[in-house]
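Protein chains: 2
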Amino acid sequence: MTSVIGKSVKRTDTLGKVTGGAVYAGDVVLPGLLHGKTKRATVAHARIKSIDTSKALALPGVKAILTHVDVPRVLHYGSPHPRSASVTQDQYILDTKVRYYGEGVAAVAATSEEIAELACELIEVTYEPLPAVFTVEDALKPDAPAIHEVGPGGNLVLPPFVVTRGDVEKGFAEADLIVEGEYGMGRPTPAYMEPNVCVCQWDPLGKLTVWTSTQSPFMVRGTLAEVLDLPLNKVRVLVDHMGGGFGAKQDLFQHEFLCALLAQRTRRPVRMEFTRKETFLGGRTRHPGTVWIRQGFKRDGTITAREAKVVFNSGAYGSHGPGVTAVGTAALTSLYRCENVRLEGRCVYTNTPIAGAFRGYGVVQTYYALDILMDEAAEKLGLDPAELKLKNAVREGDVAPSNHPLTGHGLEDCIRRGMEETGWASRSEKRPSPKAARLRRGWGMGCEMHGSSAYPGIKEQGNAVVRMNEDGSVTLMTGTTGLGTGAHTALAQITAEELGVKFEDVAVVHGDTDVVPWDIGAFASHTTFMAGRACQMAAAEVKAKVLARAADKLEVSAADLEMKDSVISVKGVPGLSMTVRDAIAAEKGIPAPQLLGEGSYHPTKSYSFAAHFVEVEVDTETGQVTVLQVVPVHEIGKIIHPIAAAGQIEGGIQQGIGHTLSEDFVVDHRDGRPLNASFVDYKMPLAMDMPPIRTIILETAPSDGGPFGAKGVGEDPIIAIGPAIANAIYDAIGVRFRHYPIPPEQILSALAEREGAQAA
Amino acid sequence: MTSVIGKSVKRTDTLGKVTGGAVYAGDVVLPGLLHGKTKRATVAHARIKSIDTSKALALPGVKAILTHVDVPRVLHYGSPHPRSASVTQDQYILDTKVRYYGEGVAAVAATSEEIAELACELIEVTYEPLPAVFTVEDALKPDAPAIHEVGPGGNLVLPPFVVTRGDVEKGFAEADLIVEGEYGMGRPTPAYMEPNVCVCQWDPLGKLTVWTSTQSPFMVRGTLAEVLDLPLNKVRVLVDHMGGGFGAKQDLFQHEFLCALLAQRTRRPVRMEFTRKETFLGGRTRHPGTVWIRQGFKRDGTITAREAKVVFNSGAYGSHGPGVTAVGTAALTSLYRCENVRLEGRCVYTNTPIAGAFRGYGVVQTYYALDILMDEAAEKLGLDPAELKLKNAVREGDVAPSNHPLTGHGLEDCIRRGMEETGWASRSEKRPSPKAARLRRGWGMGCEMHGSSAYPGIKEQGNAVVRMNEDGSVTLMTGTTGLGTGAHTALAQITAEELGVKFEDVAVVHGDTDVVPWDIGAFASHTTFMAGRACQMAAAEVKAKVLARAADKLEVSAADLEMKDSVISVKGVPGLSMTVRDAIAAEKGIPAPQLLGEGSYHPTKSYSFAAHFVEVEVDTETGQVTVLQVVPVHEIGKIIHPIAAAGQIEGGIQQGIGHTLSEDFVVDHRDGRPLNASFVDYKMPLAMDMPPIRTIILETAPSDGGPFGAKGVGEDPIIAIGPAIANAIYDAIGVRFRHYPIPPEQILSALAEREGAQAA
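First to last, the protein sequences are chains A and B.
Position 368 (the first sequence) corresponds to 368 in the working numbering; numbering is contiguous.
Numbers given in the working numbering equal positions in the second sequence, counted from 1, plus 1000.
Bear in mind the hints are in silico, worked out from the structure with no lab data behind them.
One should not assume that every hint holds.
Unchecked claim - Over 10 Å on every C-beta distance to chain A, these chain B residues come out as not near it, computed from the model:
hint: 1; residue: G1016
hint: 2; residue: V1029
hint: 3; residue: P1031
hint: 4; residue: K1207
hint: 5; residue: K1234
hint: 6; residue: R1467
To be verified - Using 25 Å as the maximum straight-line C-alpha spacing, the simulated DSS-like pairs for lysine-lysine come out as follows:
hint: 7; chain 1: A; residue 1: K683; chain 2: A; residue 2: K7
hint: 8; chain 1: A; residue 1: K17; chain 2: B; residue 2: K1502
hint: 9; chain 1: B; residue 1: K1571; chain 2: B; residue 2: K1553
hint: 10; chain 1: B; residue 1: K1010; chain 2: B; residue 2: K1683
hint: 11; chain 1: A; residue 1: K7; chain 2: A; residue 2: K17
hint: 12; chain 1: B; residue 1: K1007; chain 2: B; residue 2: K1391
hint: 13; chain 1: B; residue 1: K1170; chain 2: B; residue 2: K1391
hint: 14; chain 1: A; residue 1: K170; chain 2: A; residue 2: K380
hint: 15; chain 1: B; residue 1: K1391; chain 2: A; residue 2: K502
hint: 16; chain 1: B; residue 1: K1007; chain 2: B; residue 2: K1017
hint: 17; chain 1: B; residue 1: K1097; chain 2: B; residue 2: K1277
hint: 18; chain 1: B; residue 1: K1638; chain 2: A; residue 2: K207
hint: 19; chain 1: A; residue 1: K170; chain 2: A; residue 2: K141
hint: 20; chain 1: B; residue 1: K1141; chain 2: B; residue 2: K1309
hint: 21; chain 1: A; residue 1: K545; chain 2: B; residue 2: K1380
hint: 22; chain 1: B; residue 1: K1017; chain 2: A; residue 2: K207
hint: 23; chain 1: B; residue 1: K1141; chain 2: A; residue 2: K207
hint: 24; chain 1: B; residue 1: K1571; chain 2: B; residue 2: K1502
hint: 25; chain 1: B; residue 1: K1170; chain 2: B; residue 2: K1309
hint: 26; chain 1: A; residue 1: K170; chain 2: A; residue 2: K309
hint: 27; chain 1: B; residue 1: K1391; chain 2: B; residue 2: K1380
hint: 28; chain 1: B; residue 1: K1207; chain 2: A; residue 2: K7
hint: 29; chain 1: A; residue 1: K10; chain 2: B; residue 2: K1010
hint: 30; chain 1: B; residue 1: K1007; chain 2: A; residue 2: K207
Since we're looking at a predicted model, the values are computed, not measured.
Idealized CB from N, CA, C, for every residue including glycine.
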């Protein structure tokens, strides 16, 4: 029986947020603060012939301008330090070449944002244009221009990523039915609420302090230290509150280096904040691309073989391309059981905005393809699609994409529960008739699985330090970042639960790389799972120290003691107890030692599962798709904070609806210029667009690694919603869409095309 | 052979100080900051009949006013949490009674300091005057007004503190000579460079953040938490740089409570900074008082008995009166050996400014008396005063004032070395003649001893956490405060030395009670001694973890490894070595665990010693005394940073010269009004007034507790200089002064009196 976890305690971050008291990086004000701006390229591919800064420098209020000649020339990239195989190092702070429209070519520090912007306009850049490519098809042509000097060549970000299992030829030979299709996806952006923002200040001893909106403060510390040639204890990165990242803010952005360098040059603090437009131009998107899949089936639905070719468009730089390609491609070994698999993933440079890490990390794209193909196959096999998926669902003993054995039957549990909840078997009977009415309804479902933690056993490590103060109150020190997910609340719950104190007794110190333990960053659904387990370990160490002191004072064995709500009792002896405060108080003049505990957890990989069931209504006159209801069923092991977990699920569904129906950051294929870099033109679903969501969370397959059996739920909810909607649209109007987003004009033109075909 | 300690490495705090980059509490600027001011009483003893704030509240810009009806009525005081026997709890934040001229009776928060000051003037307080007492003599009279309701009564702060050893009557009976005298002292103030200043802010969750100039951030946290009824993890106290405290800033001051309460009331950050005048009015002074001593001597100089009565004037509140009285009185058991001792210390409330902790902590006053009496006795015995002191100097095996056995022969070493250095035996021969010239010269000497650490074995505890970052750089986390002494440099040296890395590799995190380990505060000469030892312990733990990893990789035993300058070598095997960075790097995919070490040290008490030798010149026409040279000889165990240690010694001597010759904060005995609350009227020696100081530091008696044998040197240098000067003046002009300060007018009147007597 737990007393703190599993309850939706009041989150520690929300009151600050609703009262405006929460401090974000952009709220930092320092005496003498300067404002920095980035001069961005207006060409997609070019060599820089010259940059004339004289007019800009003459502008009163301009304090410094940096171009490529002023900054260290170190190839860098991003992501957790020490460097990861998931990312490429192909970027300079400022280069002599431009590879996409909107890339930074210079930076200004001035006494106001307005002056800095004006100075950017006054900087004159002369370009020598280069031929540009905007699609993977063009980029892969033999005569395509080379965008980078580094890498395997042919505009590949990495050599093709290949996974094979079993004998694919034999599998297809045994098939009664072979289904194949090519699926494509647009370029959704994370569109986080808080724009990228950074404030940098150097102290007289050459120590750099950075306030920045990042998911990975220690990555920022490590990479800045490396590029600027500083020891790690000379770079301090501070993140208190943060307004979303969704993976994109795992990268280090140009402005973070430039802000540090401008502050160094001017000897004054400098602040650089993206405009909303810059979050599109200089931000990170999901990888657009195509997924071709071919699957063989037995008549009973058993999958005999699977082949796939994944091609992702990385944009101008590699960023997380390698990781996204590998994870997205390898995901196709699983979800639905198949012994014979051959997969190939490629990631290709183009002269378009940079694709990076984004919630779902490649799996959104590949499971979208797989789950529509399964729907198509079910129809051809004359089987119910949910039954087909249930039959093939991965389960205990199967091998996960990460090659770990899977435990439990989470996916089957989710599918079965969703079918029950929606009355799936009788869904056709409930459909409003006549079928030919203007408004047509349909049901669809999709599945997903996603691992908690990214690189189990390699370099991931959850760390925590727990300290009990002399009044029995507790301070948890964690390097994790709160993106807005309530992570620190969950970690405090875990600490309180393990320690035997009240939730309110635990304060969380985070967001200061000088003082909190190292953390890899907030991504890969691993904060609660991995850092949570480290908190549990650290709390257990403190508890042991407290109980040892209490045992001395009570003259019993520590093993006979239990602790709850800060009261220590002797098991089975009512009345024999003492408060934690008394236990740790000085006795015979000897004070308690430092009550410090530390935890380090190297994770195993645990998978969470979900099945999303969706009902849509299609207006056949306007092409408008309305999602009427969503029933997401998630299996995530032990729930720490039910409302926060449900919040993750609902947020993921909202983002997923946007990506499936309306969101696409579009680049003009003539000149590489983005066409909708604003919230006016880039369409996201708002609160009033949201359907009712009946979230169901199962705890049927607890992890053996996470705290109290918990698993992650950050990535999962954005994956299954897309194919569920696409399958529901097919169910409603009988038209199959193999590309997202699916905007009204495509619905209308597909309906018109079908009517034309029927008429012919 | 040490490589980092014992060297005067570049201090980490100085560059920030000289460039203006160092951040003091007063430099903190926050959005919406209000300014607070204290309305101070203009009577010395009165009951408050009423306070009319209506005019003040009507002033535009005034945001809140607090009087005694608005603040929690909790008796508090100060000093390290949990509460210490060294201090009294006799003060309310704001009371219904005024006990000294300048006491705070209300506080204002307004949009500017000027408005807050004006509002204070507009507050109308009606007093019911009470009879006031300004001297201990008046306060101890049977019909004296009672200043407090708490305490033992009779205006005593604590019951008389009595120490007896041996048989004093027998001792005096055995004496060949009995010498007695009463010695008195004025009221010097610490006059720290940085005025008291405090900034308070509450976050939306009710957490209080306090930037304040304090020696004891954890005391501030503990006492504020207690008085405001908050858990300790809801109060965060921040101190980065600090501009001196000298003991006074061990107390919590009225404005620190008021600042927190004004910020709570206004929901805005509030800043309160003392004017220089307020540092006098509302600050803390040394305890003025009288010390009566009677000593018996054998003809050969052996002391047979000692009796003393110490009476300290505590001012309006007790503050550190109990501690200062006990330590100052008990000090008379020692310095010069004596088996038969009877001492009584009393501490008395008066309606004068508050006396508190001040460098030397009561010992300045009592050793001043003892060391002049020894000089008087030497003359009567026909012995050289230095020889008399050397004969009686405490030594190995004697019992210290704290009842610990003393180790080593530090005091004898100091006296002997000083006699050598000054050519003491032949000093009279070097004296300029004729003796009757206008300018007369003389030599004097004084001795002292002072313990490192205040409450050994009771509640003192040095703590440290040391973390090695993944690049091998090191972060030391310490709760100690840097008053300007270079403490954090010394702690980094100790950490680097023990760990085997370079000094530059160690960064120090301090000054944030949320994250650093608990510390009792920077006082009692114990930072280097006690926290330093904890740093050494924490560093040793990290080193063991690093060596274990290196041993694995090098396939040798960790016991065979040594580490220096971040290189780990196999002892006796040249060439077999690896860097720390390589040792801690991930191997076989497994990263190093958190490299965290912690140290907690409960100190023994170690004593440092000194003898000061001084030459003065007295101008018999003006009464001016010029200190021509000082030769201080200090024995402090292992020196960590020679220049910083010498800086402590020189600073103490400068303060001591001031107290002995010119500094006295004077209260008008008619109405209790201070007469010289400014640097114009309160005369301190400036840099140009300083004599040459030839500092000699001995390391002949290392402590067995401190790091590498180090002992403290913070309190010591202010003690022996006073009697050395007084004895030198006697040597020069033959007039004995038993009271400090000794201003020119006293010299002149004493000379005139003697001439009158000689003429008669």
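Each hint, compared with the structure:
Residue placement check: B:G1016 does not keep its beta carbon more than 10 Å from all beta carbons of chain A (closest about 5 Å). Not every Cβ of chain A is farther than 10 Å from the Cβ of B:V1029; the closest lies at roughly 6 Å, contradicting the non-interface assignment. In this structure B:P1031 is not separated from chain A by more than 10 Å, as the shortest Cβ-Cβ distance comes to only about 6 Å. With a minimum CB-CB distance of about 8 Å to chain A, B:K1207 fails to clear the 10 Å threshold, and the non-interface call is violated.
With a cut of 10 Å on Cβ distances, B:K1234 falls inside the contact zone with chain A, its closest approach being about 7 Å. A cut-off of 10 Å between C-beta atoms contradicts the statement that B:R1467 is not in contact with chain A; the least separation is 8 Å. Between A:K683 and A:K7 the alpha-carbon distance is near 36 Å, which puts this suggested pair outside the 25 Å criterion. In summary, the hint linking A:K17 to B:K1502 is not supported, as the alpha carbons are separated by about 44 Å, beyond the 25 Å threshold.
About 16 Å separates the Cα atoms of B:K1571 and B:K1553, which keeps this hinted pair within 25 Å; it holds. Among the hinted pairs, B:K1010 with B:K1683 is inconsistent with the structure: their alpha-carbon atoms are about 33 Å apart, more than 25 Å. Pair hint A:K7 plus A:K17 holds up; C-alpha atoms about 21 Å apart against a cutoff of 25 Å. Taking the CA atoms of B:K1007 and B:K1391, the gap is near 35 Å; set against the 25 Å cutoff, the hint is violated.
For the hint linking B:K1170 to B:K1391, the alpha-carbon distance of about 21 Å falls within 25 Å, and the restraint holds. In summary, the hint linking A:K170 to A:K380 is supported, as the alpha carbons are separated by about 22 Å, within the 25 Å threshold. Proposed proximity of B:K1391 and A:K502 is contradicted: the alpha carbons are some 63 Å apart, above 25 Å. Of the supplied pair hints, the one linking B:K1007 and B:K1017 holds, its CA atoms being roughly 21 Å apart against a limit of 25 Å.
Between B:K1097 and B:K1277, the direct Cα distance comes to roughly 22 Å. Compliance with the 25 Å bound is thereby established for this hinted pair. For the proposed pair B:K1638 and A:K207, the alpha carbon gap of about 31 Å is over 25 Å, so the pair is violated. Between A:K170 and A:K141, the direct Cα distance comes to roughly 33 Å. Violation of the 25 Å bound is thereby established for this hinted pair. Only pairs whose Cα atoms come within 25 Å are accepted, and B:K1141 paired with B:K1309 is accepted, the gap being roughly 17 Å.
The straight-line distance between the Cα atoms of A:K545 and B:K1380 is roughly 63 Å, outside the 25 Å bound, and the hint therefore fails. A C-alpha spacing of about 15 Å is found between B:K1017 and A:K207, which places the hinted pair at or below 25 Å, so the restraint holds. Restraint check for B:K1141 and A:K207: the C-alpha separation of about 61 Å exceeds 25 Å, so the hint is violated. As the CA atoms of B:K1571 and B:K1502 are separated by approximately 19 Å, the hinted pair is consistent with the 25 Å bound.
Taking the CA atoms of B:K1170 and B:K1309, the gap is near 19 Å; set against the 25 Å cutoff, the hint holds. Distance restraint check for A:K170 and A:K309: the Cα-Cα separation of roughly 19 Å lies within the 25 Å cut-off, and the hinted pair is therefore satisfied. The hinted pair formed by B:K1391 and B:K1380 meets the criterion: a straight-line CA distance of about 16 Å does not exceed 25 Å. For the given pair, B:K1207 sits about 23 Å from A:K7 by alpha-carbon distance, which is consistent with the 25 Å threshold.
Restraint check for A:K10 and B:K1010: not satisfied, since their Cα atoms lie roughly 49 Å apart, outside the 25 Å limit. Straight-line distance between C-alpha atoms of B:K1007 and A:K207 comes to about 24 Å, which keeps the hinted pair within the 25 Å bound.
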